[in-house]
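On the provided structure of chain X, position chain V as indicated by the hints.
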Amino acid sequence: EAQVTQNPRYLITVTGKKLTVTCSQNMNHEYMSWYRQDPGLGLRQIYYSMNVEVTDKGDVPEGYKVSRKEKRNFPLILESPSPNQTSLYFCASSRPGLMNTEAFFGQGTRLTVV
Amino acid sequence: DQQVKQNSPSLSVQEGRISILNCDYTNSMFDYFLWYKKYPAEGPTFLISISSIKDKNEDGRFTVFLNKSAKHLSLHIVPSQPGDSAVYFCAASSRDTDKLIFGTGTRLQVFP
Chain X
1492 EAQVTQNPRY LITVTGKKLT VTCSQNMNHE YMSWYRQDPG LGLRQIYYSM NVEVTDKGDV
1552 PEGYKVSRKE KRNFPLILES PSPNQTSLYF CASSRPGLMN TEAFFGQGTR LTVV
Chain V
188 DQQVKQNSPS LSVQEGRISI LNCDYTNSMF DYFLWYKKYP AEGPTFLISI SSIKDKNEDG
248 RFTVFLNKSA KHLSLHIVPS QPGDSAVYFC AASSRDTDKL IFGTGTRLQV FP
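Just so you know, the protein sequences line up as chains X and V, in that order.
Just so we're aligned: the first sequence equals residues 1492 to 1605 in the numbering used here.
Just so we're aligned: the second sequence equals residues 188 to 299 in the numbering used here.
Pulled out of the complex, with its shape left as it was, chain X reads as follows (with noise of 0.2 Å):
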């Protein structure tokens, strides 16, 4: 079954202590994207990876990191979380190409920083 997976699904951490989102697909995507879901503001796009060691910040990619070490892993690492990270996020991977950007995401991780 083609799918994407998050790990974990829920997280509360305290500020500071890094923590490691990871995220996995199994359809030999190019291209994989990490998006920060909050209320009145959508999905916004943190960081995106066109292929293997090729990552680009996204739209909101202050206090994030990510690596792209194998095709199919793209984890999100929050280094010094802070309370305004508390969000909801979701991974995401497609192919590239214009009519190829049906985007397949992940359950999704709720993380709170306390």
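Just so you know, the hints here were simulated from the structure itself, not pulled from any lab data.
As the structure is a computational prediction, the values presented were derived from the model and not from experiment.
Even for Gly, the Cβ is constructed at its ideal location relative to N, Cα and C.
Just to be clear, a hint being listed does not mean it is correct.
What the hints assert, rightly or not - The list that follows gives simulated cross-link-like pairs (lysine-lysine, DSS-like), each with its CA atoms no further than 30 Å apart:
#1 Lys258(V) / Lys1509(X)
#2 Lys1556(X) / Lys241(V)
#3 Lys258(V) / Lys1556(X)
#4 Lys258(V) / Lys224(V)
#5 Lys1548(X) / Lys192(V)
Said to hold, decoys possible - Some, not all, of what chain X presents toward chain V, calculated at C-beta under 7 Å:
#6 Pro1499
#7 Tyr1501
#8 Thr1513
#9 Glu1593
#10 Gly1597
Structure of chain V alone, referenced to chain X:
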């Protein structure tokens, strides 16, 4: 700077009637548009899309209309069903980037 806007945060429709969700965009370079549906505790799922060379695309009960001159698209659901109750996001992309720009979402509630 919100390039894709969904001005109605919520919509309530009776079962069997038509649901119309609207989306406006500001970037004239956008040439591909998509609608995603999101249920609680799940990720968004692709619903329907339209290229800028078309003005209508239909898939079963779902039809997307694109008015390029007005920079407006809409999603029509006919007939609406209670299972359609979800948050709907419109998204847009342009030829020179695969980046999807999402709107803020509209929560649709279909009541019996």
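To see whether the hints hold, each was checked on the structure:
1. Pair hint Lys258(V) plus Lys1509(X) does not hold up; C-alpha atoms about 43 Å apart against a cutoff of 30 Å.
2. Restraint check: the Cα-Cα separation between Lys1556(X) and Lys241(V) comes to about 39 Å, which exceeds 30 Å; the hinted pair is violated.
3. Note on Lys258(V) and Lys1556(X): the hinted pairing is violated, with a Cα-Cα distance of about 35 Å set against a maximum of 30 Å.
4. Proposed proximity of Lys258(V) and Lys224(V) is supported: the alpha carbons are some 21 Å apart, at most 30 Å.
5. Taken as a hint, the Lys1548(X) and Lys192(V) pair is honoured in the structure, with Cα atoms around 22 Å apart against an allowance of 30 Å.
6. Using the Cβ-Cβ criterion of 7 Å, the hint placing Pro1499(X) at the interface with chain V is not satisfied: the shortest such distance is roughly 14 Å.
7. Given the 7 Å rule on beta carbons, the hint for Tyr1501(X) is violated: about 10 Å separates it from the nearest Cβ of chain V.
8. Checking Thr1513(X) against chain V: minimum C-beta separation of about 15 Å lies over 7 Å; hint violated.
9. For Glu1593(X), the interface hint holds, since its Cβ comes within 7 Å of a Cβ in chain V; the closest pair sits about 5 Å apart.
10. Of the supplied interface hints, the one on Gly1597(X) holds, with its beta-carbon coming within about 5 Å of a beta-carbon of chain V, less than 7 Å.
Checked against the numbered hints given earlier, this structure breaks hints 1, 2, 3, 6, 7 and 8; the rest are met.
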